[in-house]
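If you're matching them up, the sequences are chains A and B in order.
Under the numbering used here, think of the first position of the first sequence as 1, with each following residue one higher.
Under the numbering used here, think of the first position of the second sequence as 1, with each following residue one higher.
Don't read these hints as lab results, they were simulated from the structure.
Take these hints with a grain of salt, some might be off.
Said to hold, decoys possible - Distance condition first, Cα-Cα at most 30 Å in a straight line; then the derived DSSO-like pairs of lysine-lysine:
1) A:LYS363 to B:LYS297
2) B:LYS306 to A:LYS427
3) B:LYS297 to B:LYS363
4) A:LYS363 to A:LYS427
5) A:LYS293 to B:LYS363
6) B:LYS427 to A:LYS304
No experiment lies behind these values; they were computed from the predicted model shown.
Number of protein chains: 2
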Amino acid sequence: MPARSPVPPIDGDNRDNDPYLVIAADSHAGLPTAQYRQYLETRFHPAFDEFLAERAAVLEAVTKLGVRDSTFAQQWFDEHDEELAGGWDAIRRDQTLDADGVAAEVVYPDADAVESRTCVPFGAGLGLSGDLDPELGLAGAKAHNRWLAELCSTSPERRCGVALVPITGALEDVLAEIDWAKDHGLGAVMIPARWCNQTPYHDVRYDAVWARCEEYAMPVVTHSGSAPRDEYGDNLGIYVTEVTWWPARPMWFLLWSGVFERFPGLRFCTTEGGCWWLPQLLWSWDRLWLGQKGAEKLGKLAFKGKVEMLPSEYVDRNCFTGLANVKRRELGMRYEIGIDNMLWGTDFPHPEGTWPATLAALKATFFDIPVHETRRMLGLSAAEAFGFDLDKLRPIAQKIGPTPSDLGQLSETQTEEELVARWAPVKAVGRHWLTGHDFPLYPM
Amino acid sequence: MPARSPVPPIDGDNRDNDPYLVIAADSHAGLPTAQYRQYLETRFHPAFDEFLAERAAVLEAVTKLGVRDSTFAQQWFDEHDEELAGGWDAIRRDQTLDADGVAAEVVYPDADAVESRTCVPFGAGLGLSGDLDPELGLAGAKAHNRWLAELCSTSPERRCGVALVPITGALEDVLAEIDWAKDHGLGAVMIPARWCNQTPYHDVRYDAVWARCEEYAMPVVTHSGSAPRDEYGDNLGIYVTEVTWWPARPMWFLLWSGVFERFPGLRFCTTEGGCWWLPQLLWSWDRLWLGQKGAEKLGKLAFKGKVEMLPSEYVDRNCFTGLANVKRRELGMRYEIGIDNMLWGTDFPHPEGTWPATLAALKATFFDIPVHETRRMLGLSAAEAFGFDLDKLRPIAQKIGPTPSDLGQLSETQTEEELVARWAPVKAVGRHWLTGHDFPLYPM
Numbered sequence: 001m002p003a004r005s006p007v008p009p010i011d012g013d014n015r016d017n018d019p020y021l022v023i024a025a026d027s028h029a030g031l032p033t034a035q036y037r038q039y040l041e042t043r044f045h046p047a048f049d050e051f052l053a054e055r056a057a058v059l060e061a062v063t064k065l066g067v068r069d070s071t072f073a074q075q076w077f078d079e080h081d082e083e084l085a086g087g088w089d090a091i092r093r094d095q096t097l098d099a100d101g102v103a104a105e106v107v108y109p110d111a112d113a114v115e116s117r118t119c120v121p122f123g124a125g126l127g128l129s130g131d132l133d134p135e136l137g138l139a140g141a142k143a144h145n146r147w148l149a150e151l152c153s154t155s156p157e158r159r160c161g162v163a164l165v166p167i168t169g170a171l172e173d174v175l176a177e178i179d180w181a182k183d184h185g186l187g188a189v190m191i192p193a194r195w196c197n198q199t200p201y202h203d204v205r206y207d208a209v210w211a212r213c214e215e216y217a218m219p220v221v222t223h224s225g226s227a228p229r230d231e232y233g234d235n236l237g238i239y240v241t242e243v244t245w246w247p248a249r250p251m252w253f254l255l256w257s258g259v260f261e262r263f264p265g266l267r268f269c270t271t272e273g274g275c276w277w278l279p280q281l282l283w284s285w286d287r288l289w290l291g292q293k294g295a296e297k298l299g300k301l302a303f304k305g306k307v308e309m310l311p312s313e314y315v316d317r318n319c320f321t322g323l324a325n326v327k328r329r330e331l332g333m334r335y336e337i338g339i340d341n342m343l344w345g346t347d348f349p350h351p352e353g354t355w356p357a358t359l360a361a362l363k364a365t366f367f368d369i370p371v372h373e374t375r376r377m378l379g380l381s382a383a384e385a386f387g388f389d390l391d392k393l394r395p396i397a398q399k400i401g402p403t404p405s406d407l408g409q410l411s412e413t414q415t416e417e418e419l420v421a422r423w424a425p426v427k428a429v430g431r432h433w434l435t436g437h438d439f440p441l442y443p444m
Numbered sequence: 001m002p003a004r005s006p007v008p009p010i011d012g013d014n015r016d017n018d019p020y021l022v023i024a025a026d027s028h029a030g031l032p033t034a035q036y037r038q039y040l041e042t043r044f045h046p047a048f049d050e051f052l053a054e055r056a057a058v059l060e061a062v063t064k065l066g067v068r069d070s071t072f073a074q075q076w077f078d079e080h081d082e083e084l085a086g087g088w089d090a091i092r093r094d095q096t097l098d099a100d101g102v103a104a105e106v107v108y109p110d111a112d113a114v115e116s117r118t119c120v121p122f123g124a125g126l127g128l129s130g131d132l133d134p135e136l137g138l139a140g141a142k143a144h145n146r147w148l149a150e151l152c153s154t155s156p157e158r159r160c161g162v163a164l165v166p167i168t169g170a171l172e173d174v175l176a177e178i179d180w181a182k183d184h185g186l187g188a189v190m191i192p193a194r195w196c197n198q199t200p201y202h203d204v205r206y207d208a209v210w211a212r213c214e215e216y217a218m219p220v221v222t223h224s225g226s227a228p229r230d231e232y233g234d235n236l237g238i239y240v241t242e243v244t245w246w247p248a249r250p251m252w253f254l255l256w257s258g259v260f261e262r263f264p265g266l267r268f269c270t271t272e273g274g275c276w277w278l279p280q281l282l283w284s285w286d287r288l289w290l291g292q293k294g295a296e297k298l299g300k301l302a303f304k305g306k307v308e309m310l311p312s313e314y315v316d317r318n319c320f321t322g323l324a325n326v327k328r329r330e331l332g333m334r335y336e337i338g339i340d341n342m343l344w345g346t347d348f349p350h351p352e353g354t355w356p357a358t359l360a361a362l363k364a365t366f367f368d369i370p371v372h373e374t375r376r377m378l379g380l381s382a383a384e385a386f387g388f389d390l391d392k393l394r395p396i397a398q399k400i401g402p403t404p405s406d407l408g409q410l411s412e413t414q415t416e417e418e419l420v421a422r423w424a425p426v427k428a429v430g431r432h433w434l435t436g437h438d439f440p441l442y443p444m
């Protein structure tokens, strides 16, 4: 796989005020749970009835943990009843995307993050993990994938559907499901964030999976959600602290075991875990690989054949973070993280995301970021990573996309040159451990 | 427990060039493994013979993982043969501390981090974790504690011995061992970094442990070492990535489950995991607690009675990080982390630490840090946290401690006022999420 090539800006010169081509690298869709029945093989219907019957107890448990607040939930559904149907209705969904300025999206499961009213059968949605019953987990995933393929067949140019694939299960089934997903227009493969008691992802057992995903140009993705909740009691803070760590964990299992060396075209994206943790990992990984102070005692050949480049170079080539509700702190770190590794998202229709006030959120976070960098983070990088057809999206973006002046970036008193100049010293320091600086830099 | 009160500087005015009172909050001591026999109850001798017989296989495994490099190991032992005896010999140890400029130390187990020649019986050393055989684990810990109490009885004013206490075991035994440790002059309680299949640390089961440690003013500590190696295959990078995470994990289990609210005087310190990960945790924790964007949907009463203050306030009151080979990047983050939360260490006699070139390491990292801050990080904060008697240490420090000018901080061309001025803008931004700034700040 060649180094990522810059994509031409949407319309010539980056300094112009053309609308942004916005791709939400994190959004969600799912059927109201009971309706998944029609997509499940008949033999699983009895188990599905049991699953539905247990939903009330699950809701009670998440309320006890504090993940759900009853008052907030009531108000959320009252205020957004109609738009939330965009969680499963393609027409409404396109209308909502249009109103939000979003041309295209990478579609993860579980539209409802307040009361899990649209959850994938048998726990195979965002909580996908290696401890699911293998047969039921696959059945639930298949049901969602089949429905999702239908959803994405409406406005296919605007949607990259994420297939759920419990790769810790029987390899034959796993590969067959990836084949099915590819054949039916889905564009990425979500794997369990945690393998639990199954084989960890460094194992060559999974090489067949990585090979298939590389061949199909389907990014392998994880999403926050799965965590060892049975260890947490009813302590919400522990859950929120760790729920960003577990989905990121496969990244270093793949990197250090040489998966990106063996499959240079494989793309891995971890979503809705933020990206604020990445600078320090790149720093410590590069230091380790370079054998800097503290690493002298380690085996010099430990990385031979597995990790032949700097770890940060693999991340630049193979890894991405899908973002929801990106923070100014994170944008300030973008020269350490790598601009092209940061794929902006709305998290629609989750309340912790930017919808329905996406323009306001963009303005509040991107107002001083150079336009040419914003174009990458808001859409062009995601287009490359997930294979969107820019020619098909440009006309949509021209109609609905926010402009740099909408974001407060360009105005009569502020030019692109000035934005670039503001950040130039920060960019020059970049990954400070590779540019001879002691510290990263942020603007005052 | 009152807020930490500033301790008077070693000799009046911080701007003077008095020697630093240096305390290594991370150092190691241990007997050559076979010699632990005399400290083990006789009934465990047969098991100890088996344990010794398996050491060769363990060494082979860590070499395969890349934790050990044969060439480096050979050279290390050839060059430092005599000084390494300071790992267990008190007289040599004091001589080595003197030569290294270190007045006092917090003493963790496992003197040899190259070939584990001084490991605690039955895996109860730095790898202490909840999956040890309960009976053997406690027996090994007791053997080390009994030997360590002897070691610390030589120059007791210079040593805070860390008792090994596998708190996941029977509560009665655990409390008895803490009592024994207190009675025999040990000053801190190291708990398993990972509880594994035992009860997680948020559980009220452990309240009796926290209460005892609070009563005795013995900090509860973890140290890097334990990690789920069986998940890693022979991939060194995975191990090195995670070995700093697992020992830090108990911090947020205690914090979010209200342990620091119930035991305001309890001190928790996680050692040799660095501190570069702490700013982002404080930032995300405080944001969560404040109910900022992304947290609106969560239960408003989830923290009630458990976490009544800002998480960062608990960290300032109750938590510390023990550092080895501290990096400039970390020192640059000290106003976010909290200066008093950073306890410098040598990691003596581990090769990844600063010994035997501590002065050079101090000079390379602290050369532009204000003297009054350096005094806190190099010793005064550790003295408060671990209860060292400053009156007894001052005479030693006056003889052996490096001076600010030794560290390149004060000179004819550089004053304390200038150092303070250099960092003043960085300090003013501090924890940027609490001071109205979007980003942290580092100097150019």
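Do the hints match the structure? See the list:
Distance restraint check for LYS363 of chain A and LYS297 of chain B: the Cα-Cα separation of roughly 23 Å lies within the 30 Å cut-off, and the hinted pair is therefore satisfied. Restraint check: the Cα-Cα separation between LYS306 of chain B and LYS427 of chain A comes to about 42 Å, which exceeds 30 Å; the hinted pair is violated. Between LYS297 of chain B and LYS363 of chain B, the direct Cα distance comes to roughly 49 Å. Violation of the 30 Å bound is thereby established for this hinted pair. Restraint check: the Cα-Cα separation between LYS363 of chain A and LYS427 of chain A comes to about 22 Å, which is no more than 30 Å; the hinted pair holds.
Between LYS293 of chain A and LYS363 of chain B, the direct Cα distance comes to roughly 15 Å. Compliance with the 30 Å bound is thereby established for this hinted pair. At most 30 Å may separate the alpha-carbon atoms for a hinted pair to count; LYS427 of chain B and LYS304 of chain A exceed this at roughly 43 Å.
In this structure, the hints that do not hold are numbers 2, 3 and 6, in rising order.
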